[in-house]
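Peer 1: All chains, full assembly: derive it from the sequences and hints.
2 protein chains.
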Amino acid sequence: MEPTGAAAVIIGNEVLTAKVVDANGPHLIRRLREVGVPLRSLEIVPDEVDVIVEAVARARLRAKYVFTSGGIGPTHDDVTVRAVALAMGRKVVRLPEMVELVRTKAMDSLTDEALRLADAPEGAVLIHQPGIWYPVLTVEDVFMLPGVPQLFRMQLESVLARMQGTPVHLRVLYLGLGESAVAAVLDRVALDMPHVAIGSYPMFDPALDYLVKVTVESVEKAAVEDAVARLQTGLPAGSVVRTE
Amino acid sequence: MEPTGAAAVIIGNEVLTAKVVDANGPHLIRRLREVGVPLRSLEIVPDEVDVIVEAVARARLRAKYVFTSGGIGPTHDDVTVRAVALAMGRKVVRLPEMVELVRTKAMDSLTDEALRLADAPEGAVLIHQPGIWYPVLTVEDVFMLPGVPQLFRMQLESVLARMQGTPVHLRVLYLGLGESAVAAVLDRVALDMPHVAIGSYPMFDPALDYLVKVTVESVEKAAVEDAVARLQTGLPAGSVVRTE
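In order, the protein sequences belong to chains A and B. In case it helps, this note's numbering puts the first sequence at residues 1 to 244. In case it helps, this note's numbering puts the second sequence at residues 1 to 244.
You may find that some hints are simply not true.
Copies of one chain are not kept apart here, so a pair can be met inside one copy or by any two copies together.
[To be verified] List of simulated lysine-lysine pairs, DSBU-like, C-alpha gap at most 35 Å:
hint	residue 1	residue 2
1	K213	K105
2	K105	K221
3	K221	K91
4	K105	K19
Honestly, the hints are just simulated from the structure, not real lab data.
Peer 2: The structure is reproduced here in structure tokens:
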């Protein structure tokens with residue numbers, strides 16, 4: 001089966017060592033949900049070529065679209081381009097179009113290291129966008145976004161504008177009983193309706209008026225309503241505090 | 001080489017679908033850094049047995065300690081115990097000690113589903129702790145923590161209290177030049193001192209008085225100071241705005 005949806009690889013020693021809290025992962029998760037592209041997985045890995053190669057290769061098996069964050073730039077720790085090329089069995093080449101962009105940007109302070117920004121996996125395509133000189137570097141459906149949050153967000157929007165998502169329908173049931181008391185009913189409905197995703201989340205906050213939050217979702221609205229109706233029928237009388 | 005450090009697997013459809021923002025990953029990252037246990041990777045995966053099995057197996061190759069978050073409980077979406085058992089080639093067994101705990105907790109409302117909380121990979125060990133009836137479920141160095149943030153944090157502390165970390169020494173240089181202008185010097189020092197981790201982070205905030213933040217770290221303090229001295233010598237005069 002052809003993979004669908006998206007997978008993300010966050011390249012970030014700085015995240016894994018708690019020097020910064022990753023903002024790109026949560027932002028990507030939220031935006032993909034909003035446009036209706038399901039996210040299969042998100043992995044945070046160090047700035048090490050072999051680990052990134054494996055993560056990107058795995059992401060490509062899991063999902064149609066792969067987003068990487070970080071490791072783009074002219075310094076020694078910017079290894080994403082090399083890793084993505086390896087993961088896809090491609091050479092790294094210097095793109096003449098990017099060389100021109102880097103030259104124009106750098107003007108009279110051009111260094112050899114600056115030209116590393118013009119390197120890309122062979123066959124890469126540049127998505128140009130207003131407001132930022134550096135285009136989105138993409139090869140097949142792998143989008144190599146920069147780690148700097150402002151740039152990541154700007155480039156992400158250029159990519160998302162080209163995607164066609166499928167909105168998800170979500171209903172929520174708030175239950176006044178604990179998970180152990182409702183698990184058998186949830187089991188049965190989840191088993192009967194494998195195309196509907198049912199999640200059960202216990203809460204341990206005495207300030208809340210419920211003990212368990214149950215989420216029911218699918219791209220098919222009718223299936224969601226059917227599952228909610230089955231749950232309401234099966235659950236012990238009075239256990240549903242409210243629904244959303 | 002025997003793996004060291006830690007790796008994390010966050011089991012969470014609710015995170016990948018943007019229904020909640022993961023708090024456990026960032027908390028774990030911060031606490032591991034504080035106690036000096038290096039984190040090798042963090043992966044967020046859906047509540048699917050096969051994907052979790054692969055992620056846990058991979059985490060065990062990368063790191064000595066593996067933390068999972070979520071998927072612990074009595075409902076159909078709680079598949080972590082089964083997945084960890086599969087990843088480690090063990091059977092799932094019902095632990096008599098846990099059966100007693102669940103019985104005591106549930107009192108007269110014990111259900112078959114509640115007893116699922118007593119299932120664990122064969123050979124699992126329970127770490128008991130004050131203030132919470134549910135012990136930390138652990139097998140070898142895999143710690144299966146619950147996804148509910150309050151419980152995750154409490155159980156994490158019980159685990160960390162048993163670990164011996166190595167604090168990391170960190171110095172930071174703030175530079176007034178862009179990455180392309182300093183990349184050659186960073187390259188050279190990074191290549192000469194592979195046991196020191198050097199990170200380079202461009203900033204695009206005009207309110208800041210620097211353009212690039214360079215981090216230098218190692219468990220050896222002298223190596224960090226040596227690398228900082230080499231960088232200060234090699235970098236263009238006046239490019240270091242300040243150090244920390």
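Peer 1: Please flag the earlier hints that this structure goes against, numbers listed from lowest up.
Peer 2: 2, 3
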